[in-house]
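Kindly produce the complete structure, drawing on both the sequences and the hints.
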Amino acid sequence: MLQKKICMLGSFAVGKTSLVRRFVESIYSDVYQTTVGVKVDKKNVQVNGTDLTLVLWDIYGEDDYQKMHWTYLRGASGYLLVADGTRKATIDKAFSLEQRVREEVGVIPFVFVINKCDLSQDWEVDSALQAQLTEKNWNLLRSSAKTGEGVEEAFALLTRKILG
Amino acid sequence: MGSTPKHSREPLEFRPKPPDASASGSAPEPEEPPREGDDVQAYRELRELILAPEQEAIERLHQRVDNPASRTEDVGSVVAEAIQLRRRQGGDEDLSSALSPTIETALRESVRKDPGTLADALFPVMGPAIRRSILETLRAFLESFNQVLDQSLSMKGLKWRIEALRTGRSFTEVALLHSLIFRVEQVFLIHKKTGLSLGHAVAPSVAMQDPSLVSGMLSAIQDFVRDSFHTVQGQGLNRMNVGDLDVWIEEGPYAILACVIRGVAPRPLRDRMAEVVENIHRDYSEQLDHFAGDSAPFAKVNSELGRCLELRYKEEAQPRGFGFVYAIAAILSLVVAGWLAWHTMQYRRWERLVNAFREQPGFVITSFGRQGGHFVVRGLHDPLAADPEKIISASDVKRADGEFHWGGYYALDDPIVQQRAISLLSPPPTVTLAVKNGVLQVSGAARAAWVKELQAKAQLVPGIRSLQLSPELDPERLAFSQAKSEIEITLVKFPLASASLLPSEQGALHRLAEEAQALLKAADALHENVTFEVLGHTDSTGPEVSNQNLSQRRAERVVQELSQLGVPERSLSPRGVGTSEPLRKEDSEANRQYNRCVNIHITSVTH
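Chains as they are written, first to last, in this note's numbering: chain A, 1 to 164; chain B, 1 to 607.
One or more hints might be untrue.
Simulated restraints on C-beta separations [unchecked claim]: (1) B:Thr231 x A:Asp51: 32 to 42 Å; (2) B:Leu138 x A:Ala156: 49 to 59 Å; (3) A:Arg160 x B:Lys193: 21 to 31 Å; (4) A:Lys88 x B:Asp120: 37 to 47 Å; (5) B:Ala292 x A:Asp122: 50 to 60 Å; (6) B:Val79 x A:Gly49: 43 to 53 Å; (7) B:Met126 x A:Glu135: 25 to 35 Å.
Keep in mind the hints are simulated off the structure, nothing from the lab.
These figures come from a predicted structure and were not determined experimentally.
Each residue gets a CB set at the ideal place from its N, CA and C atoms; glycine is no exception.
The structure is reproduced here in structure tokens:
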């Protein structure tokens, strides 16, 4: 059985937990996130005929009250970088998080997910930001934890990237 | 610039070719001796001319190769890169085996020369390692010490002590062998870096959790603890305890072993865990180092993990005698419970008796307790109170089970005080005495003299604070009525048909005067106006008119006499009634004589 450690990264309240909640096997309460700073869930996927277990480390988004434990990223094969389309600041935060990951653990595969696409009319993604995103040439997906849109795709895409 | 050296090198590279165009087609050796002297000379010159720089270079190379110092210099400048290249090419083992004897010798030599250098270098590593080892040893010692302490005082402990004596083993050993009942329920092998599960073994009929999730969360918690409390590298959480569940964690360089234990596990389990971790690191070091999520190479690791599940101390071979022990324990507890119940019941009985004494007037209980299986009651007893022995015999206690020590005292309880008053004041039967809140209430009929004595003595009776007499026992009233009845029963007798006083009546007259004065004095205190109606009587012989006259004179004679004896005249009212109010029926001479008299009737009006 192939297992991979995947981290969920992003600002506080961008919907990381909601994003995975419907798609993962979980035995732990969300309380762990605020206490220990991480909650471990599991997702089984099949990519190109390979069965794979993604062990998801849903890391608490840094806020004024709690710092992120960067040690939780150690040994990760990839990560989902999540931002909230309705809050531009979270996208900026995603940029800085990606840079920080590179410094902390090196270059590892990731997929950038802009969540809350069900509220796309409220998105703060302007053309300048769009250009910035295009320039970065990141794997970008739009998702909605509410409708489930883009979630499976995000995991599948990340898995393919990890498997190379 | 670049082309010049190329040209100059060309002749060297084509050295085998004949330098001379006139040379024959077959390639002659450069060192071939020339046939003629000039030619030889010319050839040499030419050769020197052409080959001189190369020769010098060759010479320099020779010198460099032959000179160890310059060779060392050359090798020194590339040795690090060479080793790195070798590692990249995957020749680690050869390199290691080639180097290890040298390194070992070097280390030995270094220690021989100056052990301090190596000790200094290793100090940061050795310190924590030694500390950890000492800590572990102490902890293990404390664990077994605690367990032994827990058990040593129980019945089981006694049994083990006998077994230890019988077998010659130490008590600790025997206790450990028997007491520790625990079970390793699950064993997780976790890759340290990724937190991914490498293997998982579970005891039969244990509800198992998803190993990937548990492994992830366990290593997250490990990280969390390390991060939060900044522990020294290599030291982490090695035990978690929740109620009956213990999680023991043993860390290796690449993997973590976690055992979920129910019950109290002994130290040897920790040794076993360390052994398993070591074995896994020995057998899978390569795979652990290069682990990228594929757990297939660790398929066989579960059997090794299973060794942690195996370890479990033998429970009692057979619960033989268990029922017997229980039966004895049950009987013992029944006996103890029975004894306790009997004891309590007895105590309650004595307590009831003591309370009865407390409620009884004339008793004060100062102490009550049990001394050497005997109940002892101490207190005070008023002699006038009830007989304590009667109270004891009326209760349900056994007299022989206790002893009583009474001291005397005057009780102030009303019933006792009342009794005391009766015995000390000896009231006449016509008088009723009662005590209420220390007040002696006296009612009934009594003589003034006794009342006087009562007034003097009542307050001397312990417990009597004041005296309350009923109105009829008021001394003034009493004196009044006494004098009144004394006066009213006194007759002053007269001889037949005369109003002259007989000398024999002087006593009666003096008594009357005395009583009248006493009565007036009492009447004054009672605010009463008194009139002494002095009634003169005659017998029925003789004519009525003369009798009326005679009776009037007799009355006036007594008034005169009393007045002279000090009774105020204004209070005396003489009246002759003749024969109209005879004192006795005149059916005999004696009665007729009786009627020849004066008596006094007293009327009083309150003013």
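For each hint, the structure was consulted:
1. B:Thr231 x A:Asp51: 32 to 42 Å: Holds: the Cβ-Cβ distance is about 37 Å, inside 32 to 42 Å.
2. B:Leu138 x A:Ala156: 49 to 59 Å: Because 53 Å falls inside the window, the suggested range holds.
3. A:Arg160 x B:Lys193: 21 to 31 Å: Holds - the Cβ-Cβ distance for A:Arg160 and B:Lys193, about 23 Å, lies within 21 to 31 Å.
4. A:Lys88 x B:Asp120: 37 to 47 Å: violated, 56 Å
5. B:Ala292 x A:Asp122: 50 to 60 Å: violated, 41 Å
6. B:Val79 x A:Gly49: 43 to 53 Å: Taking Cβ atoms as reference, B:Val79 and A:Gly49 lie about 49 Å apart, which means the hint holds.
7. B:Met126 x A:Glu135: 25 to 35 Å: Because 53 Å falls outside the window, the suggested range is violated.
Of the numbered hints listed earlier, those contradicted by the structure are 4, 5, 7.
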